[in-house]
Structure formats: C-alpha cells, structure tokens
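Chains as they are written, first to last, in my numbering: chain A, 3 to 358; chain B, 3 to 358; chain C, 3 to 358; chain D, 3 to 358.
Which stretches of chain B does chain A cover? Using the computed rule of at least three CB atoms under 8 Å from a CB of chain A, they are:
1. 165 to 178
2. 194 to 202
3. 233 to 242
4. 291 to 297
No wet-lab data here; the hints were simulated from the structure. Idealized CB from N, CA, C, for every residue including glycine.
4 protein chains.
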Amino acid sequence: MNEMKKIKVGILGATGLVGQTFIYLLKDHPWFEITELAASERSTNKTYYEAVLGRWRWPVEIPDKIKNMEVKDCKPNLDCDIVFSALDASVAKEIEEDFAKSGYGVLSNASSHRMDEDVPLLIPEINPQHLELLDVQKKNRKWDGFVVTNANCTTTHLVLTLKPLNDWFVLDKVIVTSMQALSGAGYPGVAALDIIDNVIPFIKNEEQKVENETRKILGEMKGSKIEFANVAISAQCNRVNVKDGHTECVSVKLRKQANVDDLIEAFEEFNPLKGLNLPMAPNKPIIIKNEEDRPQPKLDRELEKGMASVVGRIRKCNVLDFKYVVLGHNLIRGAAGASILNAEYMHYKGYLEEYL
Amino acid sequence: MNEMKKIKVGILGATGLVGQTFIYLLKDHPWFEITELAASERSTNKTYYEAVLGRWRWPVEIPDKIKNMEVKDCKPNLDCDIVFSALDASVAKEIEEDFAKSGYGVLSNASSHRMDEDVPLLIPEINPQHLELLDVQKKNRKWDGFVVTNANCTTTHLVLTLKPLNDWFVLDKVIVTSMQALSGAGYPGVAALDIIDNVIPFIKNEEQKVENETRKILGEMKGSKIEFANVAISAQCNRVNVKDGHTECVSVKLRKQANVDDLIEAFEEFNPLKGLNLPMAPNKPIIIKNEEDRPQPKLDRELEKGMASVVGRIRKCNVLDFKYVVLGHNLIRGAAGASILNAEYMHYKGYLEEYL
Amino acid sequence: MNEMKKIKVGILGATGLVGQTFIYLLKDHPWFEITELAASERSTNKTYYEAVLGRWRWPVEIPDKIKNMEVKDCKPNLDCDIVFSALDASVAKEIEEDFAKSGYGVLSNASSHRMDEDVPLLIPEINPQHLELLDVQKKNRKWDGFVVTNANCTTTHLVLTLKPLNDWFVLDKVIVTSMQALSGAGYPGVAALDIIDNVIPFIKNEEQKVENETRKILGEMKGSKIEFANVAISAQCNRVNVKDGHTECVSVKLRKQANVDDLIEAFEEFNPLKGLNLPMAPNKPIIIKNEEDRPQPKLDRELEKGMASVVGRIRKCNVLDFKYVVLGHNLIRGAAGASILNAEYMHYKGYLEEYL
Amino acid sequence: MNEMKKIKVGILGATGLVGQTFIYLLKDHPWFEITELAASERSTNKTYYEAVLGRWRWPVEIPDKIKNMEVKDCKPNLDCDIVFSALDASVAKEIEEDFAKSGYGVLSNASSHRMDEDVPLLIPEINPQHLELLDVQKKNRKWDGFVVTNANCTTTHLVLTLKPLNDWFVLDKVIVTSMQALSGAGYPGVAALDIIDNVIPFIKNEEQKVENETRKILGEMKGSKIEFANVAISAQCNRVNVKDGHTECVSVKLRKQANVDDLIEAFEEFNPLKGLNLPMAPNKPIIIKNEEDRPQPKLDRELEKGMASVVGRIRKCNVLDFKYVVLGHNLIRGAAGASILNAEYMHYKGYLEEYL
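Okay, chain A solo, but in the shape it has when bound (with noise of 0.2 Å):
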C-alpha cells in the first residue's frame, strides 16, 4: 500500500456523536486523512471547535488540526475522494443518495440504506462477497459513485458471534437481549433523570433492526440478490446506565450438532481478516473471556481498540442449544470502526482506486 498519498475523506455529520468518533480514529490514520468536515445548518460556518463547543464528548482535545477546519454543508461538492456518513436517519437517505450520484463513495453508519436490496450491508468478516451488489447499485441508480452500510452496534456484535456458528453448525433459531449503553443513542440522547437508578426496555425500531439485519447480513449472493438467511431471530432490546459498550445475552438453536468446547473452536478460529494488515482490524475479531463474570462493559469493551465482540459465559441452554453473552464498543466496532473498516477492506480489494 502506498500510503504516500493518504486516501481524502469527508465526514458527514460530524458534529454528533459518531461524527466525533469518526475523527478520533481516523486522526492518525496511514491511509485516510480528514479533508472535509459537513454538518446540519446549525454548525456550518463554523470552526469545528466552535460547532462542537460543549460537546465533544472524548476525553482528549481535539487533534489540532480539525479544531480550526470549516464545517460546511452536506452538499457533493467537498473536496475528498469518499465521506463516511454520521448522518441521521431522518437526512441520511437524500444526503447520501446526492453524494452517491455525485461520484462519491459513501460509506454510511446510517440506518436509511441498510436493507435497500442493491446496497450492502457490510461486515468484511462476515460477507465481503455482498460487494458483488455494488455492480447491480450501479446498474440500478446510475450513480457514479456508491453507498455501502454498516449494520446497526447491537446486530454487528450478536452478528459477528453468529457468523462462525452458522458457518460450524448452521443456525436454526436465535433470541437476543440486549442492554444497551446510552452514547448508541447520540447526544444528548437520553435523559440523565430517565436512565439513573432505572432500566428503559424499549429503543425505538432497535428490535426490528437488529432481526432483519442479521438476516441479511448472514444471507448469501444468490444471482443479483442477496437471500436472507433461514433463521428465526427475535430481539429485546434495554437500555441501561451505561456509558459505552452494548451487552447482549443470546440464546442459539443450531442445526448439527455441538458441544460447548466446539462452540468456543469455532469462535476461536473466526478471523478471516488474519494477515491483510488492514489498520482498523482487530487482531481477532471475538475475543472470549473466560471469568464467570465477563465479559463487562466498563472492563471489557475497549479490547482490540474497540474493535473486538467479546463473548463470555458459553453454556447449555435449557430451551434452545446454547447461550452466552457478547459485549463490544457501540460507537466503535458498532459504528465508526465498522465504517472505516469497510472502507479499509474495500481499498485493498481495489474498490476505491477509481475514486481517488
């Protein structure tokens, strides 16, 4: 990789909380330096210290060399190769389609593309060959550019666990609960006098997403279509009093049989990225922790720089196979990491070359 002429991205929706995330990861990135900084009306014009002044939300400065960048409007005229998009789902899809037409590429952590039947939904680990869609995306909509997503922070780290059971065992059934930390739910979110001393069991269209995504994600190319997966999954979805890091407790039905050990093999084993030195991938994707009592939000959710799913507690279940727990970073694995990811893997597979 010639990292003499680092990739120029966008951000789209900078100032929020992914937005922010977004440049806190990519702000030493070998390969893609920050040129274009784009928000909602209320911040353009400004530096973006200014646009985020009470707001910032990590706990370092903000590197020096964004503090003093221009945020401008979300309009196809910055001057990048691709943007990332932070944008919110009620502006996503017009904002992102705009850029696609443009020649952009997008690669977007918004939920308004996801299930577009031409769009991927793309884990590198999981369905790299979904890119195949980007040639029927580009038949469809004329665009001289592309949108691909990452999926929603719970789907991405139940997903990741349940990629090498089905490629093992084959899944038959799934049921998930999830207990999920407030910054999934951007800033300011949720209300401190809502969430202290309380458990909030409903986030809104959260369980539908986290159902259809999956199917999609472990879906496979049949011809120009992806077919969804033939497994059974149901959601519950909590908030709890936490600040990162999103904790799922999961039960499986498999199809062949298996025993806890070989359930831990297969999750070992799971890294399909091994050896492509790709920046943004951990070392290995599932990590397992073998306390009783983990894996923790607050102790756990920073392994492998954010990028990990980490799984604890495999055991039996009475009523389907088995259960664990799976807990990874929201804003990382679960959002920013996940875009750059992809853009990451979709540069070395070439996919960004008529781009820059």
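Model the placement of chains B, C and D on the given structure of chain A, informed by the hints.
Using the frame of chain A, we list chains B, C and D on its own:
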C-alpha cells in the same frame, strides 16, 4: 379477623436489607406485631438502632418502638408465635430447623429449604394447595413448627406472569433474561466501582434458582409430592445499576393457540386472592402498562405498594410465541412482602391457629 | 378554616417537572383544589395525560381527575382564584404579569420577578413581613392581583439555615458549595452522557441567584423597601448524579461569639410556623442528623414530606467560624412545596380573601 | 541517564487499586522495572493473576510478564532497589519502617509517615528542598534506606494550584470543598447502594489530611525542620458517584493584590520540572480550561496522562478574594503516579544512586 390480639412475630436476620424491609412493612401491620429481633453475633446485645447504625437503608426513620428493641441471638427462645427469616443462606438451614423443631412457624425468605421435597415454596396466588405438604413435613421431620418458604426475587415476578399463561394456554418453554437491582445482592453487596458505567452478566446461583423454583411452584400435588411442571426454562441473569426493581425480558412458547389479546386477558383476569382482604395483597397481582417503554423500575416498582408484577410490551416472538417485559420490586414482593403475604394467607386459612 | 369551599387553583407550566410536582403535592390538599392546568402551545388542547405522555416523572399514577383535564393556554381567563406558576423563566415574566394584572394572585416559582423591588421573595419562616411589599406592588403596578415569588431551590435550603444563625449571632460571611440534583435542571434537562461518571462544576446563573436572593430574603423592611442583609456570600454550584436533593457545604462567619452547641440550639429552636397548622409546613423546618456521614440526599430528602432542610456535620471552620452540611429536596421545599406553603401562609393571614 | 540497566522496583500492596495503578503505569517505564510484587497473606504464594482474579480494575489486560509473577510477603527480603508502597495505612507504618531499616528506599503512598517531622512529603514541583530532611531522617532513625511520602490525592491537586499562588501573591486563607471519586476509597470501597442517586458528605480523616498536609508541603526548611506555611485551610470532603477524578471548589485569600489575569499567569507559568525530562512528569502540571463548565472528571482527568491538575472557572469570590475549580486524577497524579514522579526526581537528583 379479631384484630384485638395481634400475632407476635420475630424477625431473624433483622439487620440486613431484607430484615429491614420486614420492619418497614410490618410497622403498622393490622395482624402482626414485631416482638423480637434477632441477628448474628455482631449485632446481639445492642439496640436495633445501634446495630444498624450507618446501615439502615429505608429513607424513613426507624420506627421508634423498634429503635430501642434489643437484638437477640437467633436461638429458638424468642417471645413470638412465628418468625420471618431473612437469614443468609449460609446459616439459614440450621437456624430455621431449630426454630421449626421448637414449635415456631417459620416463614423463610432464605433459599436453604426452598427445593426440599416437603417444604412449600408458596406464592398464594399460584400454589396454595402446596400447603398440603405441611402434613408431610410434620410426618417426616417430627417438628412442632413448620417451614414455609417464598421464592427468589426474580423467580417470583416471572412465575406470577407464567401462572395465568399456564392456566389458560399451557406453558411449553420459557426464556428469560433479567436485569437485576443492586438491593438484590444485600448490603453492602455490589461495590460501586464494579457497577458504575457497567453491567455484570453474572449472579451466583441465580439462574439455577429461577429455572428450578419456577418448575416447582408451577407443579401439582400428586399424592404427597409435587410433580414439577413440564416446562423448559432457561435464564440469563445480569446485575445492572438500579437500586430496586428487577426487570425481566421473557419469551414463552405455549401449547395452545393464543394471540396477544388473549394474553392480556389472561393477565388482567388473574386475581386469585381477590376479596380475601389480606393486608399485604395487591389489589391486582399483575398490572399491565400500555406505554411502549414501560415497565421501568424507577417509575413502576412501587405500584401496589411494591406487591405487583408490572407487565408491558406484550408482543409476538419470532422464535417462541410471545415476548413481554415484567418488572417488580425485589425487596417487597420479591422478598419480605412475599413472606408476609404467605403468613397472612396461612392465617386466613387457619394454619397459624395452633401457634398463637 | 372553612374547608367546605376549597380555593380554586390553576397551574401554569403544568407539564414540566415543577408543574408535575404541584399536581403531586396538591392532589389531596385540604384547602386548594386544582381546577385549571395551563402550559405552552405544545400541550394545549390535549388532556393532561396526553400532554405528559412519556414525561410524567413521579412514581405514582397521575391522579384520575387530573388525567382527563384539558391543558389550556397560559392566558388569564382560567377558572381559578390563584395560580401557581412553574413557568420557564424565559416566558414567566410576561405571563405572570398578565395574570396579576387580570386579578389573579400569582404564586411563582420562576426567577423572573424574584429580585424586583416590589415583589416579596417569601419564605414564611423567614421574612413574612416582606408581604408588606404587596401594598407597594399594588401602588406601583396598578394590578388587581399580585405576584409573590419563592426562592431558588439552593437558596431556599441555605437561607433556612442562615436565618436562625443571623437571628442569634448576626451573620457576617457565607461561603457555600452546592452539589445539586438532576431534577433541578427540569426535564429532559441534563443528558445522561454528561453526568454519568461525572460532575459538572457549573449551573448557569445559579451562583448569582444564591448570592443575591439570600441577601434579599434576610433583608429588613425599611419603609417601603427591603434593605438587603449586610452579609457577604459566595457560592460555587455543581451538578452531580443525584435524582433529587441538593447538598450544600456551608462555612459561616458570625459577628457574635458562639460555639457548636449554640448553633445546634439555634437550629433546633427555629420553628416560626409552629402551631399554625399549615398543611404543607414541616413539623420542624430544620432537622439535625447526628450521624457523622449525614445528611445524604437519598436517605434524607423525604423527611418531613420533603419540606425540611436537613443539617449535619456542624463543626468549627479554620477559616471562617463554623461549617456544616445542609440537604433538602429541590422540587418540594425548593420549588412547588415552597409556593404552596406561601399560599397557605397568605391564606392564613387573610391575603387571599379578596380573590376568592 | 543510562537506560541500559533499569532500577529494580518492588510494589508493596500490589493487589489493591493503587498497587494495580503502579503496575499499569510502570509496565513500560524507561527507568524502572518491576521485579517484585508483595501483598498481604491473602495473596501470597499465588501468581499475580490469581491474586487479583475478579479484582483487576484497569480496562486493559494485566501485562503478561506481571501475570505470572509470584506475590510475596511484605518482608524486606525482596530482590529490588526501591519499593513503592501502596499499603493500607493500618499496616504501612511498620512494614515501611522494616524496609527502610533494611536499606530499601521506600516511596510511599500511605498516610502513615506523611506528617512525621523527618519524612519528606514530596511533590517535586513544590518542595524539592524538603528532601534535605533525608539527612535528618538518617540521623534520627539510623536507617540504611529511607521513606519519602507523597500526599493524599485531594491534597495533591489542591496544593499544586496553591503553590504558584503562594509564590506570587502569598496565600492567607483557603476554603475547599471536594467531590471525590469512588476509586479514592479503594476496592471494594464504597457500596453501590450507598452512592447510587446519592452524595456522602463525609470521608474519614480526609479533611484533616488536606488541612495538615497542605501546610507542610507549602512549608519551608528552617534548619533541620519544616516550618509549616502560615495559611489557614478549611476543607469539606464529599464522596460522589464518579469513578476516577476528584473535583475541588476552592476559595483563596491572598496577601498581595492580584486580579484574575494575574492568577491565570501564575498558573500558566508554573512548570518547575520543565526540561528535566522525567518520564512521568506532565508537560505542564497545571492545565487551564476556558470553557465555562470545565474541568469535568470524565472529560479532563486523563489529560497529561492523568498527571495534570486541571483548573477552570477562575473568578472573584465575594468572601475571600478568588475562587476556582481544580480537578485531577486521584489514582495517577493523586497516588501511584505521584510516587513514581518522586522516584524519578530523586533518581535525577542522585538520591537513589547508593541503592542501586
């Protein structure tokens, strides 16, 4: 009910969190009067005020009459008719047996005897007929007194919702994930450093308790034994940063056809103690909340004076048949209040007469 | 007091957190009856239940009678005798003046008029003689009604403890650092992400309010004006992760000699409303806790139904003379309860007669 | 500095929270190498991994080399040149003296010897000349080694801000109210039930430590003794629900005229270790934040790797002269990091030569 002469009750383990809850709930009870407080050596020969100094957790003053009572040894020479046991499981077995042997009625919140074949694990709305075991217990153990237990806090609220489903539609399978409050671990219990900004996906022995107790409580008397309910149950138990109130996400598979409205009707009509006027009984044991984001511990745990199981989000499950959320107070309906309700029911049925 | 005919009260800003607290506190009030609810446009023409859907924060059901009341505009055509104002400061000034002009008695919790020269900033235990300002107000403003304000939540609990010290020993200087609860910021107020695992050492305008209001409240009527108390006051105000209850660390310098026991005596004997039987009044406005680690918000904020200032840790200060901690409920004694107590006191003194 | 041969260090009390912090901070230290770990009986003869199982609180894995080291007794037969003491005050006095007697240099974080007349209470930016006491100590105690202490966590951040004020304007009086983090109480420390939704306005012995230590640290060597600074100091210490980072609201009276800009200049220019290249030293010991709501523990405690005191809200005080807020990491600059910096400074000055 002649209320002139109150039943004299002692509290074993009076200084702990559940012991304190007994005092809080019994202070103006129309039938019962606290005449004795007993605890471990650390507290004996002190006034109750001294014994709980810096440890009293209810946000009201200790009742004046209780403040100056002497804390005694947990020896069966107390001046009372029945005892409520809030003892730690590590010592409860022996002490409770001593009291039963010596002719006391023991209403126990401890786990030690819950699964004994000849000990009722009583929830009066569900399995009052299990009190028939007292004859078996008397024959087996030659005790002048008795031991009647109430269930684990998480079990209690789960099984209160399962009972009407089982009656109407016959339960087949249950998967439950709990998010349990801090007070369930007693005092001092969980370290603040362990739970701030965190979830702990493990509570020692809790999952087994939920799985086993539920099947016993839903079981039927067959001759002198309980035949456990033929239901598969799987539990995942988590500690979250909530003071009081356990939240449980439940999925159920039923043997009979039903729809969401049927479940609502089954929950709504469930009220077996109606009309008995037991002081601790809720007006309705199951409260349904229709808001999409309820029940929530902070907002709903005190409904019906903490004696209700509050249900919400009843909906279809893609894997089993239905799913819902149930929330209830772990210290009241899930512990001390349950023991008191058991005593009230037994008194109403005449089981306590011989001890007065 | 003839309780046959209750005084009809309206609540302005009825849907916010303080508005809700008025409803919570007035639902069984022996003298006052809520006949009108008013709020901003967003809520008008809805039932109260609809207007606060998902925003009702008290852990009890909304009173049935209130649930179905229509929320009206904040226009002075309401069917009531007096209004309690829980309006936001940004709109309170004009609306409250409209009501006063139209002949309503306005008991305001808003800050807009607190520092006006002809408006009483009333705490009946402290400065009942400031009600003489109502004559001045009438003359100045030509209103048929009136505006009487109560103090900021932090000021209220501070000044309740300063009053007996000033009476007995003459205050010279006061330094106070507050640790204020979330509910003081209204709803939704503080973002959970901002306060989890955090302290925010800033509350807009709060320090000035504490410093200025205290000197007015402790001031004396000189002719038609209040001469502010000659006390130097410095405040530092912080937001902490507590639901309700402001904790304040106070240091005082006195002009007369005193020792710790003298201070205790001054606090203990302070009870100017004793014997008046005002329904909202605490039995004692100052409660002293002797335990070395009290008062604490979670354990002490509800003493005296939330109407007490709870004091502890009275001891020598190396810099000024003495220091102590005071804690009190910010929504009750610090807001809605204060307004209600003011109305009760005014009714007792006959100030409301002409409005009935 | 010849970095070829590292100084061998042992950690006393290696399993506690401060002990863990020493390990976390020293794992890649250029001058020091951990060769010994020692702790109480409970942990001895276990590997470090076993000894801290379920108690390791840093969100990174235990360094591999450390994991398998044996935990030894706190006896002065360890293979190391100096020891860092993270012992509990209840045992520190005797053990530390044993080590000093046996020729070890002891860098202690415990409170036991801090106020001893012949023991430096060292903060190298403030009172390096107090190291002259080591001659006195040697003469008094006949030790081959030495004991040098660092200050209490709250004292440390306070006095780092007081030093430049004293140098420039001569301090007269100081009032400070602290809001201290949970980790300051060690592990398990504070019960979650005690601090959720709460403030505890009491920390045993803390206020005396702050008041006394500050005057010693700011004191001057007069012959063989320290003359304490002639400053009146009053502290109120509170525990709040924050993981790490103590926040302190300070008011100061100065003997010389100054204005806010002068204070800022004094803080900004304070950097006595500049240019010494001590590995643990911050680039600047005092960081000023200009935002009106800073410093905040969650956002600012990690600045300068946790070694800075972060100051904000410098403004006039109505009672004393000025007030401001200071925030700092209690486990790093307030504990383990302070000891390490002391050792670095002593090494730089040649004090450790004879122990190597």
